[in-house]
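Modelling step: build the complete structure from the supplied sequences, incorporating the hints.
Protein chains in written order, with this note's numbering: chain Y, 165 to 379; chain E, 165 to 379; chain Z, 165 to 379; chain A, 165 to 379.
Don't read these hints as lab results, they were simulated from the structure.
Note that beta-carbon positions come from the ideal geometry of N, C-alpha and C, so glycine has one too.
Among the hints, a few may not be true.
Said to hold, decoys possible - Taking CB as the label site, the calculated pair distances span:
{"no.": "1", "chain 1": "Z", "residue 1": "Ile-220", "chain 2": "A", "residue 2": "Val-363", "range": "45 to 53 Å"}
{"no.": "2", "chain 1": "Z", "residue 1": "Met-165", "chain 2": "A", "residue 2": "Gln-260", "range": "45 to 53 Å"}
{"no.": "3", "chain 1": "A", "residue 1": "Arg-267", "chain 2": "Y", "residue 2": "Lys-201", "range": "57 to 65 Å"}
{"no.": "4", "chain 1": "A", "residue 1": "Ile-220", "chain 2": "Y", "residue 2": "Ala-373", "range": "51 to 59 Å"}
{"no.": "5", "chain 1": "Y", "residue 1": "Glu-268", "chain 2": "E", "residue 2": "Ala-189", "range": "40 to 48 Å"}
{"no.": "6", "chain 1": "A", "residue 1": "Gly-322", "chain 2": "E", "residue 2": "Pro-342", "range": "39 to 47 Å"}
{"no.": "7", "chain 1": "Z", "residue 1": "Gly-258", "chain 2": "E", "residue 2": "Ala-373", "range": "34 to 42 Å"}
{"no.": "8", "chain 1": "Y", "residue 1": "Ile-193", "chain 2": "A", "residue 2": "Val-363", "range": "43 to 51 Å"}
Residue-level listing of the chains:
4 protein chains.
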Amino acid sequence: MKILITGFEPFGGEAINPSWEAVRALPDIVAGADVIKLMIPVVFGQSAVVVRDAIIEHDPDVIISVGQAGGRFAVSPERIAINVDDGRIPDNAGNQPIDTPIREDGPAAYFSSLPVKAMVTAMRKAGIPAQVSNTAGTYVCNHIMYQILYLIGHEFPGRRGGFIHVPYSPQQVVNQPPQPSMGIDDMSTALEAGLEAVVAYTGKPDEHAVGGAVH
Amino acid sequence: MKILITGFEPFGGEAINPSWEAVRALPDIVAGADVIKLMIPVVFGQSAVVVRDAIIEHDPDVIISVGQAGGRFAVSPERIAINVDDGRIPDNAGNQPIDTPIREDGPAAYFSSLPVKAMVTAMRKAGIPAQVSNTAGTYVCNHIMYQILYLIGHEFPGRRGGFIHVPYSPQQVVNQPPQPSMGIDDMSTALEAGLEAVVAYTGKPDEHAVGGAVH
Amino acid sequence: MKILITGFEPFGGEAINPSWEAVRALPDIVAGADVIKLMIPVVFGQSAVVVRDAIIEHDPDVIISVGQAGGRFAVSPERIAINVDDGRIPDNAGNQPIDTPIREDGPAAYFSSLPVKAMVTAMRKAGIPAQVSNTAGTYVCNHIMYQILYLIGHEFPGRRGGFIHVPYSPQQVVNQPPQPSMGIDDMSTALEAGLEAVVAYTGKPDEHAVGGAVH
Amino acid sequence: MKILITGFEPFGGEAINPSWEAVRALPDIVAGADVIKLMIPVVFGQSAVVVRDAIIEHDPDVIISVGQAGGRFAVSPERIAINVDDGRIPDNAGNQPIDTPIREDGPAAYFSSLPVKAMVTAMRKAGIPAQVSNTAGTYVCNHIMYQILYLIGHEFPGRRGGFIHVPYSPQQVVNQPPQPSMGIDDMSTALEAGLEAVVAYTGKPDEHAVGGAVH
Chain Y
165 MKILITGFEP FGGEAINPSW EAVRALPDIV AGADVIKLMI PVVFGQSAVV
215 VRDAIIEHDP DVIISVGQAG GRFAVSPERI AINVDDGRIP DNAGNQPIDT
265 PIREDGPAAY FSSLPVKAMV TAMRKAGIPA QVSNTAGTYV CNHIMYQILY
315 LIGHEFPGRR GGFIHVPYSP QQVVNQPPQP SMGIDDMSTA LEAGLEAVVA
365 YTGKPDEHAV GGAVH
Chain E
165 MKILITGFEP FGGEAINPSW EAVRALPDIV AGADVIKLMI PVVFGQSAVV
215 VRDAIIEHDP DVIISVGQAG GRFAVSPERI AINVDDGRIP DNAGNQPIDT
265 PIREDGPAAY FSSLPVKAMV TAMRKAGIPA QVSNTAGTYV CNHIMYQILY
315 LIGHEFPGRR GGFIHVPYSP QQVVNQPPQP SMGIDDMSTA LEAGLEAVVA
365 YTGKPDEHAV GGAVH
Chain Z
165 MKILITGFEP FGGEAINPSW EAVRALPDIV AGADVIKLMI PVVFGQSAVV
215 VRDAIIEHDP DVIISVGQAG GRFAVSPERI AINVDDGRIP DNAGNQPIDT
265 PIREDGPAAY FSSLPVKAMV TAMRKAGIPA QVSNTAGTYV CNHIMYQILY
315 LIGHEFPGRR GGFIHVPYSP QQVVNQPPQP SMGIDDMSTA LEAGLEAVVA
365 YTGKPDEHAV GGAVH
Chain A
165 MKILITGFEP FGGEAINPSW EAVRALPDIV AGADVIKLMI PVVFGQSAVV
215 VRDAIIEHDP DVIISVGQAG GRFAVSPERI AINVDDGRIP DNAGNQPIDT
265 PIREDGPAAY FSSLPVKAMV TAMRKAGIPA QVSNTAGTYV CNHIMYQILY
315 LIGHEFPGRR GGFIHVPYSP QQVVNQPPQP SMGIDDMSTA LEAGLEAVVA
365 YTGKPDEHAV GGAVH
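In structure tokens:
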């Protein structure tokens with residue numbers, strides 16, 4: 165099995181992006197699967213071009229994108245991506261779309277095809293705070309998750325895809341108002357546990373576990 | 165114009181549900197529109213039966229459901245409802261579905277057909293904290309929003325529908341760990357401002373305003 | 165009995181200060197006690213001059229200062245004032261002392277002589293979130309609380325004094341990142357309940373109630 | 165120079181106490197100073213007996229206690245300890261004092277004799293979120309800080325003493341509602357940086373730096 169996993173370059177004035185730091189610290193083989201790591205730009209549209217090229221080049225079975233969710237407490241596999249770009253800040257190329265569909269011919273949303281409940285269970289067993297998230301926002305993180313699932317649906321059938329958000333790293337919040345953070349090593353531990361669950365649940369339905377949100 | 169607006173009965177051990185308290189304090193006419201108020205049960209499935217009956221009875225142009233989002237700081241019009249029931253706690257009838265589609269023949273999600281950006285702007289002008297939310301959770305609130313939009317799509321074309329979350333009331337958090345809350349009167353003020361925006365934007369696209377979420 | 169209660173003028177770029185708004189909405193008589201309301205400046209030193217003048221003018225039995233604690237969830241009677249000025253931002257006259265004693269000849273701290281536990285109980289019974297706080301910060305709020313208790317100890321024996329923090333009002337957080345807030349009317353309700361407890365506990369020890377902080 | 169540094173045993177139903185885990189991971193020598201590590205009980209009174217015995221045994225120049233502050237985002241050197249025990253929960257021996265003075269003959273409070281501003285600066289330079297705290301609570305953490313400073317004042321003149329709070333570790337919050345946490349290794353890094361500042365500022369006043377709290 166082959167897993168393509170991406171992290172983002174820095175954005176919003178940050179010096180690093182913990183998503184890429186955590187991805188690049190992953191082992192090259194997890195649970196027998198080859199792990200291909202790729203840094204992608206924080207740019208609407210262009211991020212998807214880069215991922216599509218990598219899918220063509222590497223022919224992965226699973227495509228996972230990882231992004232920074234400053235302010236979150238836990239590593240959070242995303243349940244769903246929605247068909248809208250709505251930038252609170254411009255992306256790294258200066259684009260700031262407002263309430264624009266990502267794909268005119270796409271559905272309102274795509275559910276992740278990763279076993280998000282099993283991934284959360286595996287991450288917690290590894291000692292790392294984790295929970296299913298029901299929104300990836302409306303910025304480039306949601307954008308690339310939607311694009312990956314759209315590409316799978318339209319060009320690369322049979323693959324699985326999804327997205328995982330990680331918190332700020334400690335270094336990023338040193339000069340900010342009080343904010344949660346998580347060590348890069350702990351993020352990597354969580355990602356590795358998540359990949360193990362992805363491999364283990366190949367061809368199986370997700371774990372039947374309580375993990376919804378009241379709101 | 166006629167607006168059907170619902171609030172929920174209490175759940176999760178609470179003595180009141182601020183969503184219904186705020187709804188029933190609304191005036192009977194807002195911006196020239198008749199406002200019909202309805203309390204609905206916190207029950208998967210049954211809540212939609214009650215709303216469907218009320219649509220048939222009252223023939224409203226707009227259907228809005230309001231629910232409690234304990235822990236939120238602001239009144240939040242929801243952008244999207246997703247096709248999944250995933251109960252963290254049982255509903256008031258004891259149902260606790262896990263990762264179950266709401267409608268087998270429904271799309272992954274429905275976007276609100278209310279002008280959520282304009283509603284937020286109006287609520288803030290009225291002095292009340294408000295923001296667009298990109299997840300209504302996976303409990304009965306998301307359920308009823310999805311059902312309303314499904315019903316509009318399948319049985320009641322031409323109507324508009326959506327959902328608004330309100331915080332805890334002060335009384336609810338008195339004996340809890342520190343939690344945000346909002347006075348019932350302020351919630352009602354926000355709802356009234358939101359309804360005014362709904363009326364004002366009839367037949368028009370939503371306000372073009374920054375209001376997305378980075379994650 | 166006579167109670168002198170102060171609120172602050174706005175500071176830190178805010179248009180209002182909810183502490184003064186809540187104080188001035190108080191009735192003129194609470195539980196049989198005369199309530200004298202006074203707005204004081206957000207200025208180290210000068211705030212204490214104004215309060216001292218008012219004590220001389222009105223000869224109150226109780227002196228309570230009320231201030232804004234942006235970010236707090238609850239109304240919080242303060243347990244203790246400490247002998248240090250340490251400004252994170254300048255005061256309204258441009259002073260920004262760093263780690264400076266308030267009174268060279270004063271003790272490290274003064275405990276409130278108000279029944280803070282009973283006040284919290286009374287506020288909660290009135291339906292308003294409240295809790296004892298163990299720090300009034302190191303800005304003008306802590307400064308005036310310390311000064312009041314120093315003045316009582318040195319010039320005005322037999323009086324009681326203390327401090328109550330209130331959250332932001334809803335209007336103040338409309339254009340901020342998510343923040344807790346509380347309606348001015350609810351703050352006033354809490355203050356009135358607190359004053360009733362102050363009157364009721366005259367000459368008695370504070371209520372014996374759990375209300376400490378683990379940290 | 166010799167530094168005695170203590171961490172606590174677990175309490176409140178936790179399996180570990182990160183304060184002890186972080187302390188015991190410290191090097192035995194920091195900036196040329198000998199570091200003596202001691203686990204102490206979460207018990208009012210008895211904790212001070214254990215620390216006093218260790219002071220007599222080891223004759224340290226500096227005594228620092230470290231404790232867990234579940235819910236905090238940053239490592240926080242404490243500015244002040246106050247003369248009150250007010251347990252929100254019982255200690256590990258079942259004691260739950262309410263509003264009881266720690267020392268009948270002690271002052272209302274003791275300021276830390278550690279350079280808390282310089283310690284925060286050093287911790288941040290090491291990449292770890294840190295801030296001065298103005299309350300150590302009213303439980304065993306505040307108790308031992310007060311006792312250390314009382315003992316220095318009454319029996320062991322010329323020593324310096326203080327307290328540092330650390331957040332939850334990630335493992336502790338895995339099955340809790342969303343909570344901030346910090347890796348044990350990052351806590352140790354912060355403590356080591358703090359000790360370096362303590363050594364460097366021997367005989368000097370604390371760094372003149374902005375670091376107060378508005379409330």
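Hint numbers not upheld by this structure, sorted from lowest to highest: 2
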